[in-house]
Amino acid sequence: MAGVTLALALASGGLKPLLIDPQLFEDQCAPSFDGRASAISFSAFRQWRALGVAPFLEPHAQRIEQILVTQGGGPGLLRFAADEIAARNQGEPLGYMLENRHIRAGLASAAAEAGIEVLAPQRVVSAQTSGAAARIGLEDGRTLTAPLIVGADGRGSLIRREAHIATQGWGYGQSGVVATVGVERDHAGVAYEHFLPAGPFAILPLTGRRVSLVWTESTARGAALAQASPEAFAAHLGRRFGSFLGQIEVLGPRFVYPLSLQLAERLVAPRVALIGDAAHAIHPIAGQGLNMGLKDAAALAQVLTEAARLGEDIGALDVLERYARWRGVDNVGVALATDLFTRLYSNNHPLVRIARGVGMAAVGAAGPLRRLFMHEAGGALGDLPRLLRGEAL
2 MAGVTLALAL ASGGLKPLLI DPQLFEDQCA PSFDGRASAI SFSAFRQWRA
52 LGVAPFLEPH AQRIEQILVT QGGGPGLLRF AADEIAARNQ GEPLGYMLEN
102 RHIRAGLASA AAEAGIEVLA PQRVVSAQTS GAAARIGLED GRTLTAPLIV
152 GADGRGSLIR REAHIATQGW GYGQSGVVAT VGVERDHAGV AYEHFLPAGP
202 FAILPLTGRR VSLVWTESTA RGAALAQASP EAFAAHLGRR FGSFLGQIEV
252 LGPRFVYPLS LQLAERLVAP RVALIGDAAH AIHPIAGQGL NMGLKDAAAL
302 AQVLTEAARL GEDIGALDVL ERYARWRGVD NVGVALATDL FTRLYSNNHP
352 LVRIARGVGM AAVGAAGPLR RLFMHEAGGA LGDLPRLLRG EAL
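Quick note: the sequence shown uses the working numbering, first residue 2, plus one each step.
Computed list of lysine to aspartate or glutamate pairs in EDC-like fashion (alpha-carbon distance at most 16 Å, straight line):
| no. | residue 1 | residue 2 |
| --- | --- | --- |
| 1 | K17 | E118 |
| 2 | K17 | D314 |
| 3 | K17 | E307 |
| 4 | K17 | E114 |
Quick list of the computed label-pair ranges, beta carbon to beta carbon:
| no. | residue 1 | residue 2 | range |
| --- | --- | --- | --- |
| 5 | R80 | A236 | 28 to 34 Å |
| 6 | A236 | E85 | 34 to 40 Å |
| 7 | S33 | A236 | 21 to 27 Å |
Just so you know, these hints were derived from the structure itself, not from any lab. Here the structure is a predicted model, which means the values were calculated and not measured. Beta carbons are placed, not taken as given, at the ideal position from N, Cα and C, and that holds for glycine.
Sequences are here, hints too, so could you generate the full structure?
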């Protein structure tokens with residue numbers, strides 16, 4: 002998703018991107034592909050508006066009007082509401098919930114409309130750089146040459162490995178159980194995040210009377226939930242979910258994903274840049290993973306288009322370092338903050354519970370601090386690329 006967004010941004014800036022994907026776009030849009038939904042920050046959605054993607058996405062986008070945060074086994078309640086920042090944000094919500102299949106479909110339609118060339122299904126088997134060119138070897142035997150390769154190929158990035166960029170990270174001993182759940186009552190655009198000893202339990206609003214469930218458990222319990230019969234899973238879910246939205250029904254398959262942190266030691270190498278999960282993969286506790294990748298796309302597109310307009314070599318290391326400096330600190334900061342929250346809130350120690358409750362109460366009582374958190378989560382703070390401000394390149 003970050004890679005296609007980057008391609009659209011580069012094309013809008015006058016460059017000629019080529020997308021290579023091992024899977025057909027239409028296969029990635031099937032409900033059974035991964036089942037996940039993403040919380041999209043309002044700044045990231047501005048980017049999609051600026052790139053002409055929003056018309057494809059808006060029918061499927063659920064506004065997040067409120068976020069309620071609680072902790073199990075102790076005091077503490079936080080409420081974030083879009084109306085608190087509406088004046089500054091011109092009526093934008095806290096964010097949007099979108100099923101990933103709809104994001105992929107919308108991006109694919111926008112890419113086709115923009116005339117972006119796509120090679121799919123096609124697999125990259127090698128990537129080398131030398132002098133003024135980068136070369137990609139394809140599974141069908143072809144070799145492609147360009148001034149720059151961008152690795153947007155996920156946690157196991159081949160481009161990252163071929164560029165000899167190492168990673169640092171660790172697992173959390175947790176898995177995220179993901180499912181779409183039908184509810185009886187209107188969710189009113191409210192997202193719920195319950196911090197429990199095993200990990201967060203998130204109920205995230207989707208269009209219609211549906212929610213996306215992200216249920217974090219230990220690896221062993223996550224595997225047991227994945228293998229449980231539909232009846233047993235529904236019974237466990239009902240006890241955890243509660244009845245505040247009325248009767249619930251699991252819609253479609255459930256998915257289980259191991260949770261870990263992984264950071265690339267560098268974002269760039271000669272004629273190579275990394276974005277999205279190839280550069281950083283984090284715990285979903287704050288819903289920032291895809292948003293980080295979309296920020297990468299906006300920043301890299303701006304750096305490259307500005308360099309091209311100045312007649313610079315877009316694959317030169319000094320050009321790519323501008324992108325690395327722009328995004329490096331923010332990526333590491335968000336990753337470490339997410340790691341801290343994961344460790345702090347996946348903890349049932351009595352003193353930690355009390356400290357969490359005090360901290361949540363303090364943030365809840367401090368309007369300016371609460372609004373600062375909302376603007377930060379919305380990606381609206383700091384040195385923003387033009388696309389994240391809703392401006393064309």
